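Engineer: Please model the entire structure based on the sequences and the hints provided.
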Amino acid sequence: MSPPLNDPTPAEALAGAGAAETGASSARGGSGLKPGRPGFGAGGRLGAVGAGVLGRGAIGIYLSVLVLLPIAALLAKAGHGGTAAFWREISTPQAVAAIKLTLIASVIVVAINALFGTLIAWVMVRDEFPGKRIVNALIDLPFALPTIVAGVVLLALYGKNSPLGIDITFTRAAVGMALLFVTLPFVVRSVQPVLLELDRSMEEAASSLGASQFTVFRRIVLPNLAPAIVSGIALSFARAVGEFGSIVLISGNLPFKTEVGSVYIFSQIQDENLPGAAAVSVLLLVSALVALGALTLASRRWSRHVR
Amino acid sequence: MAIEAHDVTKRFGDFLALDDVCVRVGDGALTALLGPSGSGKSTLLRIIAGLETPDSGRVLIGEQDVTDTPARTRGVGFVFQHYAPFKHMTVYDNVAFGLTVRRRPKAEVRERVHELLSLVRLDGLAERYPAQLSGGQRQRMALARALAPRPEVLLLDEPFGALDAQVRGELREWLRRLHEEIHVTTIFVTHDQEEAMEVAEQIVVMNGGCIEQAGSPRELYESPRNEFVMSFVGPVNQLGDELLRPHDIQILPSEDAAPGTIEALVRRVVHLGFEVRVELTLPDGRDIWAQVTRERTQELELEEGQILTVRLPAPRTFAA
Amino acid sequence: MSANAQAHPDAQAHPGARRATGGRRLILRCVALGYLALLLLLPVTMIFYRTFEHGLGAVWSAATAPNAVHAFWLSIELVAIAVPLNTIFGIGIALLLERGRFRGKALLGLLIDLPFAISPIVVGLALVLVYGRTGWFGDWLATHGIEVIFSVPGMVLATAFVSLPFVARETIPVLRELGTDAEQAAATLGANSWQTFRRITLPAIRWGVVYGVVLTTARALGEFGAVSVVSGRIEGKTLSLPLYVQDRFENFDTTGAYTAAVVLALLALATLLAMNLLTRRTRKAGAA
Numbered sequence: 001m002s003p004p005l006n007d008p009t010p011a012e013a014l015a016g017a018g019a020a021e022t023g024a025s026s027a028r029g030g031s032g033l034k035p036g037r038p039g040f041g042a043g044g045r046l047g048a049v050g051a052g053v054l055g056r057g058a059i060g061i062y063l064s065v066l067v068l069l070p071i072a073a074l075l076a077k078a079g080h081g082g083t084a085a086f087w088r089e090i091s092t093p094q095a096v097a098a099i100k101l102t103l104i105a106s107v108i109v110v111a112i113n114a115l116f117g118t119l120i121a122w123v124m125v126r127d128e129f130p131g132k133r134i135v136n137a138l139i140d141l142p143f144a145l146p147t148i149v150a151g152v153v154l155l156a157l158y159g160k161n162s163p164l165g166i167d168i169t170f171t172r173a174a175v176g177m178a179l180l181f182v183t184l185p186f187v188v189r190s191v192q193p194v195l196l197e198l199d200r201s202m203e204e205a206a207s208s209l210g211a212s213q214f215t216v217f218r219r220i221v222l223p224n225l226a227p228a229i230v231s232g233i234a235l236s237f238a239r240a241v242g243e244f245g246s247i248v249l250i251s252g253n254l255p256f257k258t259e260v261g262s263v264y265i266f267s268q269i270q271d272e273n274l275p276g277a278a279a280v281s282v283l284l285l286v287s288a289l290v291a292l293g294a295l296t297l298a299s300r301r302w303s304r305h306v307r
Numbered sequence: 001m002a003i004e005a006h007d008v009t010k011r012f013g014d015f016l017a018l019d020d021v022c023v024r025v026g027d028g029a030l031t032a033l034l035g036p037s038g039s040g041k042s043t044l045l046r047i048i049a050g051l052e053t054p055d056s057g058r059v060l061i062g063e064q065d066v067t068d069t070p071a072r073t074r075g076v077g078f079v080f081q082h083y084a085p086f087k088h089m090t091v092y093d094n095v096a097f098g099l100t101v102r103r104r105p106k107a108e109v110r111e112r113v114h115e116l117l118s119l120v121r122l123d124g125l126a127e128r129y130p131a132q133l134s135g136g137q138r139q140r141m142a143l144a145r146a147l148a149p150r151p152e153v154l155l156l157d158e159p160f161g162a163l164d165a166q167v168r169g170e171l172r173e174w175l176r177r178l179h180e181e182i183h184v185t186t187i188f189v190t191h192d193q194e195e196a197m198e199v200a201e202q203i204v205v206m207n208g209g210c211i212e213q214a215g216s217p218r219e220l221y222e223s224p225r226n227e228f229v230m231s232f233v234g235p236v237n238q239l240g241d242e243l244l245r246p247h248d249i250q251i252l253p254s255e256d257a258a259p260g261t262i263e264a265l266v267r268r269v270v271h272l273g274f275e276v277r278v279e280l281t282l283p284d285g286r287d288i289w290a291q292v293t294r295e296r297t298q299e300l301e302l303e304e305g306q307i308l309t310v311r312l313p314a315p316r317t318f319a320a
Numbered sequence: 001m002s003a004n005a006q007a008h009p010d011a012q013a014h015p016g017a018r019r020a021t022g023g024r025r026l027i028l029r030c031v032a033l034g035y036l037a038l039l040l041l042l043p044v045t046m047i048f049y050r051t052f053e054h055g056l057g058a059v060w061s062a063a064t065a066p067n068a069v070h071a072f073w074l075s076i077e078l079v080a081i082a083v084p085l086n087t088i089f090g091i092g093i094a095l096l097l098e099r100g101r102f103r104g105k106a107l108l109g110l111l112i113d114l115p116f117a118i119s120p121i122v123v124g125l126a127l128v129l130v131y132g133r134t135g136w137f138g139d140w141l142a143t144h145g146i147e148v149i150f151s152v153p154g155m156v157l158a159t160a161f162v163s164l165p166f167v168a169r170e171t172i173p174v175l176r177e178l179g180t181d182a183e184q185a186a187a188t189l190g191a192n193s194w195q196t197f198r199r200i201t202l203p204a205i206r207w208g209v210v211y212g213v214v215l216t217t218a219r220a221l222g223e224f225g226a227v228s229v230v231s232g233r234i235e236g237k238t239l240s241l242p243l244y245v246q247d248r249f250e251n252f253d254t255t256g257a258y259t260a261a262v263v264l265a266l267l268a269l270a271t272l273l274a275m276n277l278l279t280r281r282t283r284k285a286g287a288a
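Residue numbers (the working numbering), protein chains in the order written: chain U, 1 to 307; chain W, 1 to 320; chain A, 1 to 288.
Among these hints, one or two may not hold up.
[As the list claims (entries may be wrong)] So the derived label-pair ranges between C-beta atoms look like this:
no., chain 1, residue 1, chain 2, residue 2, range
1, W, 162, A, 179, 17 to 27 Å
2, U, 107, A, 179, 34 to 44 Å
3, A, 24, W, 222, 48 to 58 Å
4, U, 271, A, 88, 34 to 44 Å
5, U, 257, A, 38, 19 to 29 Å
6, U, 304, W, 108, 24 to 34 Å
7, A, 52, U, 170, 22 to 32 Å
8, A, 269, U, 107, 29 to 39 Å
9, W, 231, A, 179, 35 to 45 Å
10, U, 223, W, 105, 36 to 46 Å
11, W, 2, A, 38, 54 to 64 Å
Everything labelled a hint here was simulated from the structure, so no lab data went into it.
None of the values given here were measured: they were computed from a predicted structure.
Built from N, CA and C at the ideal position, the CB exists for glycine as well.
Structural biologist: This is how it looks when you write it as structure tokens:
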């Protein structure tokens, strides 16, 4: 996920007038921040708003205030009472139920997404029908829609007074439905560009060699889509594990039944059990990060072949 | 297997790619479809392969009407311009593909794949991935892959276009020798007239969706049926309505001011290895160029600014 | 993110079997569209229907209720602060990652991606642990009479946190593709960093930034979980529009809830439209 490091450029020598780059060629593989006015790589310097140090300082403060400190506080709180306390908090029956529900629901939802997401991407790329452009745009709706509105929206169709007569409120199916809604775009958008760029002559070649359409899909197309599908799954999973707003209305948040991890954390906050909330939070965060990291790595290793 | 196309027409939207085309390729022949971009040659090839369907017309392979048969079951080997390698499979799996989808026994597959890899001189690279091969190697892999299921017909779409000059030369030679060994009816598409002349036994010249002429390289060069073929298959000078071959232009020492000759100013002498290109300006201001050997150039002591005599060949007439 | 699928010529691998492929194609299309309809389209249309079910009058009074109006403007305020901040810092971070040289780029990249992996509730909790009454800065803030948690500043922080990555992530690939040649040329011609940035870099990354801003705005506007935790959900004071929806729902005021939801949905559709138009622009600009 992190971008590769830039190679140092010899452009340092091109220092003209203006902010003085204390000069000489910067040593390759040099240490991080240099004394004086470190430039921004190419051309000797490229400021963010303002000059080098100021910019970096401001960014540093912003990120600290916003992200670093809060995350640090979270980790501190979770680890406050040591491993024993941590373990205790995440193994209360209610916590365990919530975590289990979250993980299982996320895995199921992600699997469904892999299937339907690929299918939808396929239809969007390979098929033509009136209104396709609109449908394509609407796929991004879960990205743009506030999660609470997603919940309300699902409730309208699948809750009490449903015109379809389906009422899934207070059921686990509701959790699944909400997760499917908010994670819909990930696999689709991940697969679409790859499918668009796919070399059709590979499929034609396979066909001319005698492969049936299904075999062509299975042995030629799918392997080439796999990295993108996996990458989409990674993002879906991370999103699903932490989802709150869309679930909160439709699931009823019944402990041991339809209470997901994020809702459990919320209830612990309200009960002023901050260590408990922090512990489960860290657990969820770590599982999301691990899944994200592992799947992204797998996806990258896979695509190295295909490139 | 001989190949025949009868009255094939194909449109893409408003664009007429093929206009009532008829072609015959003999069994075991090595034929080139030659023409500029947009001439319809690739389209014709793809129709023969079954990758496109004609709007009208029939395609016969070995006397059998295959127009409605899909590419999959036509028994045609196709080599794509950019090789279309299965990037996620090894060289071995690529070449084996046509056999594995037909569920041939593993031992048979292994034997055939190695046989072909030897044939195309890629032994030892079986476990590599296409990305690790050079352009020429990828092309040979594509060929091996197409040949593995023993097709009755081999079709190649601008097979050497994406390679650099030296590799191209080697592969042309190599394709010719391969054909001599295997004798599969082979058609390849090219826009490079030199390539067609060098490799093919028969050339079909196409332009704007129609066949201009079909024949051996020599026939096409010496007896072109019209201006297009003449200018496409070989260098020409255009003087008004007449087309002249550069090597037919005789350069004489300036003393020989014989009848039927004309004065010319040497504008530039370009040495291209063995051949020398002499750019001339005629008295009426028109520019032509002549193809002369090194020896002749030295004999005549040709140099820029010289004025000498040239004899132009008799103008070629074409049936209306 | 939003890729407009191009129209493909109908290149079929099995011309002879056209009819069968056509059938298969139709089935795939129906399944895909059916899934989308049941999950996406129908629920969304349902919501518009439900809102106006009881007549425009009810909707109007719901929309003009003082708390609703306050919630709306509070949301706008949060967006008005968080989006510019994230835009400026987002560009800065992108420049740092793509043009800067320092150790810790990996960490920076991770920080940028973190909001995608972290649950909004956890964001809220983390902020409370630093800026809340019992948090790290709790005492200091109390002594200086600054209210962060249970007040607007906290909501701003939460909103900024969750909408942090978008501008940076959209700008990075554009910067990468742009390459440093033009900027180096400017340097040789005597431009300083700011001039180079303003006249060479910025115009080139413009559409990536705009697209990022659109995504940031959508996210900021719609944030629910994180803001829910830090705001204390105090009626008339710390209810943003999404929180207001939940509030109305819990008070059985379905029309009020649906009305607010529809407003948010309309803003979301506007965002979608902007995303769509911009994707084509960025594609065109990139292809140039």
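Engineer: Does each hint hold? Answer for all of them.
Structural biologist: Structure-based check of all given hints:
1. For residue 162 (chain W) and residue 179 (chain A), the Cβ-Cβ distance of about 26 Å falls inside the hinted range of 17 to 27 Å, so the restraint holds.
2. For residue 107 (chain U) and residue 179 (chain A), the Cβ-Cβ distance of about 41 Å falls inside the hinted range of 34 to 44 Å, so the restraint holds.
3. A hinted range of 48 to 58 Å holds for the C-beta pair residue 24 (chain A) and residue 222 (chain W), which are about 54 Å apart.
4. Remark: the range hint 34 to 44 Å for residue 271 (chain U) to residue 88 (chain A) is upheld by a beta-carbon distance near 39 Å.
5. Under the hint 19 to 29 Å, the C-beta atoms of residue 257 (chain U) and residue 38 (chain A), about 24 Å apart, fit the expected range.
6. Restraint check, residue 304 (chain U) to residue 108 (chain W): a C-beta distance of roughly 32 Å satisfies the suggested window 24 to 34 Å.
7. At about 27 Å, the beta-carbon gap between residue 52 (chain A) and residue 170 (chain U) stays in the expected band of 22 to 32 Å.
8. Between residue 269 (chain A) and residue 107 (chain U) the CB atoms are about 32 Å apart, so this pair conforms to the stated range of 29 to 39 Å.
9. For residue 231 (chain W) and residue 179 (chain A), the hinted distance range of 35 to 45 Å is satisfied, since their beta carbons lie about 43 Å from each other.
10. Judged by the Cβ atoms, the range 36 to 46 Å given for residue 223 (chain U) and residue 105 (chain W) is violated: they are separated by roughly 24 Å.
11. About 56 Å separates the C-beta atoms of residue 2 (chain W) and residue 38 (chain A), a value consistent with the hinted range of 54 to 64 Å.
This entry does not satisfy hint 10, going by the numbered hints stated previously; all others are met.
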